[in-house]
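Novice: One letter stands for each residue in the lines below.
There are 2 protein chains.
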Amino acid sequence: MAFVEKVTKESSLDFVPVPERIATFDNDGTLWAEQPMYFQAFFVFDRIKSLAPEHPEWKEKETFASVLKGDVKAALAGGEHALLEMAMATHTGMTTEEFYAIVTDWIATAKHPKTKRLYTEMVYQPMIELLAYLRANGFKTFIVSGGGVEFMRPWTEKIYGIPPEQVIGSSIKTKFEMHDGKPVLVRLPEMNFVDDGAGKPVGINTHIGRRPIAAFGNSDGDLQMMQWTAAGKGARLCLYVHHTDAEREWAYDRKSAVGRFDKGLDEAKSKGWTVVDIKNDWKVIFLFDGK
Amino acid sequence: MAFVEKVTKESSLDFVPVPERIATFDNDGTLWAEQPMYFQAFFVFDRIKSLAPEHPEWKEKETFASVLKGDVKAALAGGEHALLEMAMATHTGMTTEEFYAIVTDWIATAKHPKTKRLYTEMVYQPMIELLAYLRANGFKTFIVSGGGVEFMRPWTEKIYGIPPEQVIGSSIKTKFEMHDGKPVLVRLPEMNFVDDGAGKPVGINTHIGRRPIAAFGNSDGDLQMMQWTAAGKGARLCLYVHHTDAEREWAYDRKSAVGRFDKGLDEAKSKGWTVVDIKNDWKVIFLFDGK
Numbered sequence: 337m338a339f340v341e342k343v344t345k346e347s348s349l350d351f352v353p354v355p356e357r358i359a360t361f362d363n364d365g366t367l368w369a370e371q372p373m374y375f376q377a378f379f380v381f382d383r384i385k386s387l388a389p390e391h392p393e394w395k396e397k398e399t400f401a402s403v404l405k406g407d408v409k410a411a412l413a414g415g416e417h418a419l420l421e422m423a424m425a426t427h428t429g430m431t432t433e434e435f436y437a438i439v440t441d442w443i444a445t446a447k448h449p450k451t452k453r454l455y456t457e458m459v460y461q462p463m464i465e466l467l468a469y470l471r472a473n474g475f476k477t478f479i480v481s482g483g484g485v486e487f488m489r490p491w492t493e494k495i496y497g498i499p500p501e502q503v504i505g506s507s508i509k510t511k512f513e514m515h516d517g518k519p520v521l522v523r524l525p526e527m528n529f530v531d532d533g534a535g536k537p538v539g540i541n542t543h544i545g546r547r548p549i550a551a552f553g554n555s556d557g558d559l560q561m562m563q564w565t566a567a568g569k570g571a572r573l574c575l576y577v578h579h580t581d582a583e584r585e586w587a588y589d590r591k592s593a594v595g596r597f598d599k600g601l602d603e604a605k606s607k608g609w610t611v612v613d614i615k616n617d618w619k620v621i622f623l624f625d626g627k
Numbered sequence: 337m338a339f340v341e342k343v344t345k346e347s348s349l350d351f352v353p354v355p356e357r358i359a360t361f362d363n364d365g366t367l368w369a370e371q372p373m374y375f376q377a378f379f380v381f382d383r384i385k386s387l388a389p390e391h392p393e394w395k396e397k398e399t400f401a402s403v404l405k406g407d408v409k410a411a412l413a414g415g416e417h418a419l420l421e422m423a424m425a426t427h428t429g430m431t432t433e434e435f436y437a438i439v440t441d442w443i444a445t446a447k448h449p450k451t452k453r454l455y456t457e458m459v460y461q462p463m464i465e466l467l468a469y470l471r472a473n474g475f476k477t478f479i480v481s482g483g484g485v486e487f488m489r490p491w492t493e494k495i496y497g498i499p500p501e502q503v504i505g506s507s508i509k510t511k512f513e514m515h516d517g518k519p520v521l522v523r524l525p526e527m528n529f530v531d532d533g534a535g536k537p538v539g540i541n542t543h544i545g546r547r548p549i550a551a552f553g554n555s556d557g558d559l560q561m562m563q564w565t566a567a568g569k570g571a572r573l574c575l576y577v578h579h580t581d582a583e584r585e586w587a588y589d590r591k592s593a594v595g596r597f598d599k600g601l602d603e604a605k606s607k608g609w610t611v612v613d614i615k616n617d618w619k620v621i622f623l624f625d626g627k
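Chains A and B, in that order, give the protein sequences.
Using the numbering used here, the final residue of the first sequence is 627, and nothing's skipped along the way.
Using the numbering used here, the final residue of the second sequence is 627, and nothing's skipped along the way.
Here chain A stands alone, though its shape is the one from the complex (with noise of 0.2 angstroms):
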């Protein structure tokens, strides 16, 4: 708030006009949760459990075998090779309103191993009032995710109220066709853009070409995105999100395979940059809390 005071105080050194009030923010493990793997990784599980029937071969090819047989542990140990095998095999080959169809479909309906709640249901209810805080004092928010952006457009701006221009995510090719006289857009199982570590200052370039003077993260994946922001000339607020409620949420931190926060620790001690303790700052984490 003593942040917010200084850049929106017309009489400040460090006033801010309003149109260069951006603030970004990761979502897995800012926004919303990330354990015990990225909700898009379940949602790339479900996806092969559906489309299973049209692919008899998956029955004898690991990791999607793995995945159908309900040993996620086992195909998880792929790694990230694995995982971008899996999510070739089930974001692309469609049209982009169909992909939005499929997603907007799993949201409303799959639910978290652990808590039995909708995904949607999973997001921090302080940051939810961090980011109506922010634009009420004239910030324009955006995500800048790891994640999909056509995964996370269908509900970003319902449950953050953030549009889908506002979301900056990796993203695969798409072609321009006429099917039947109508024009498409089809997914390409190839990689347009990777928006996670030193990506995230390109996406920001690319997307919004001026420097965010805000920006929020959890893990190392965010620290080039804190440099960035930080880098600019004025008053900055670069503020980490540390889970350290093993019983409320996770704890997790250094040694985290899901949202490691080992050098991004160290340098925001070394900066001085805000680090949020969940277990010790935040009363509500989820709304359904208690419930």
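Check before you lean on any hint, since a few could be wrong.
Remember, identical chains collapse to one label, so a pair may be satisfied in a single copy or spanning two.
To be verified - Under the rule of at most 30 angstroms between Cα atoms (straight-line distance), these lysine-lysine pairs were calculated in the DSS-like manner:
#, residue 1, residue 2
1, K569, K397
2, K450, K395
3, K494, K476
4, K447, K397
5, K452, K494
6, K518, K591
7, K511, K599
8, K476, K342
9, K509, K476
10, K494, K509
11, K511, K405
What the hints contain is simulated information worked out from the structure, not anything from laboratory work.
Based on the hints, put chain B in the right spot on chain A.
Specialist: For chain B alone, coordinates are given in the frame of chain A:
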């Protein structure tokens, strides 16, 4: 105005909520002039002249040598390949901040060879009024141009009222690096995305993630954007600017090398899209007309 009333009147069957009122505008030939060649080509030529002392080899190298001799016709004879080579030589190798400063300096001082006016004075006054009118009716206005996104962003907010995050254009790749402990984005001599023709719906989808309900262009390079816009449900406005005034501006269409308007003109007629005839429909073209 009939279209705007239809989509903004709450009792209308075609009512569109504010967040979905997306309007996309081509830039060259639609918002500002584009003859005798794209204004960004003048920028390229001026950059070659400025950088020539550091590149003695350019004196012997076509098409650089023709540019240095002031022979524009010979320079353009090299076609798109030569222009791309010259663009890469003049648009890359520096940081994004350095390039921003170069463009800002050029656009503030360079003059058009025919009118002797600043390029930013050669914007179409009726289109400036249209942008303001749409925004006053809750539309979000975007540029979707084949021009370089970082060539446009330094001045679009001041001239058109369109902030950098609502400018979509062609781009080169950039790379995040640390220079003496300071993070920078370095511009690389490699195309990232060509936002023209079938690339326009792709760029719109990547960047906005929502289909426009109104689109404005002037050439065949805008045709797929028009088709994509027209194919959505509900009321749509597709408007082509037709350059018909050889006296106050330029007259060109089906056979022009710059801004060819041939297939687009046929499809506009067959689909009943709006075609503005500059000579007969625009009382004022540039604000400096008659001065």
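Novice: Classify it for me, K494 with K509: is the Cα-Cα distance of at most 30 angstroms met within a copy, between copies, both or neither?
Specialist: Answer is within: at 26 angstroms inside a copy they meet the 30 angstroms cutoff, but 33 angstroms across does not.
Novice: Between the shortest in-copy and the shortest cross-copy C-alpha distance, which are at most 30 angstroms for K452 and K494: within, between, both, or neither?
Specialist: within (21 angstroms within a copy, 50 angstroms between copies)
Novice: Given identical chains, is K511 near K405, meaning Cα to Cα at most 30 angstroms, within a copy, between copies, both, or neither?
Specialist: Intra 34 angstroms, inter 42 angstroms, cutoff 30 angstroms: neither.
Novice: Evaluate K447 and K397 at a C-alpha cut-off of 30 angstroms and name the case that applies: within, between, both or neither.
Specialist: within (27 angstroms within a copy, 64 angstroms between copies)
Novice: Is it within, between, both or neither when you check K494 against K476 at 30 angstroms Cα-Cα?
Specialist: Classified as both: same-chain Cα gap 16 angstroms, cross-chain 19 angstroms, threshold 30 angstroms.
Novice: Within a copy, between copies, both or neither: which one fits K476 and K342 at a CA-CA cutoff of 30 angstroms?
Specialist: For K476 and K342, both the intra-copy (17 angstroms) and inter-copy (29 angstroms) Cα distances are at most 30 angstroms.
Novice: I want to check one pair: K569 and K397. Are their C-alpha atoms no more than 30 angstroms apart within a copy, between two copies, both, or neither?
Specialist: neither (53 angstroms within a copy, 42 angstroms between copies)
Novice: Taking 30 angstroms as the upper bound on the Cα-Cα distance, should K518 and K591 be classified as within, between, both, or neither?
Specialist: between (50 angstroms within a copy, 28 angstroms between copies)
Novice: Up to 30 angstroms between alpha-carbons, please classify K450 paired with K395: within, between, both or neither.
Specialist: So K450 and K395 pass the 30 angstroms test inside one copy only (27 angstroms; across, 69 angstroms).
Novice: Regarding K509 and K476, is the shortest C-alpha distance of 30 angstroms or less found within a copy, between copies, in both, or in neither?
Specialist: Answer is both; intra-copy 27 angstroms and inter-copy 25 angstroms each pass.
Novice: If the cutoff is 30 angstroms on CA atoms, where do K511 and K599 land: within, between, both or neither? Let me know, please.
Specialist: Classified as between: cross-chain Cα gap 20 angstroms, same-chain 38 angstroms, threshold 30 angstroms.
Comparing the model with each earlier hint shows violations of hints 1 and 11; every other hint is respected.
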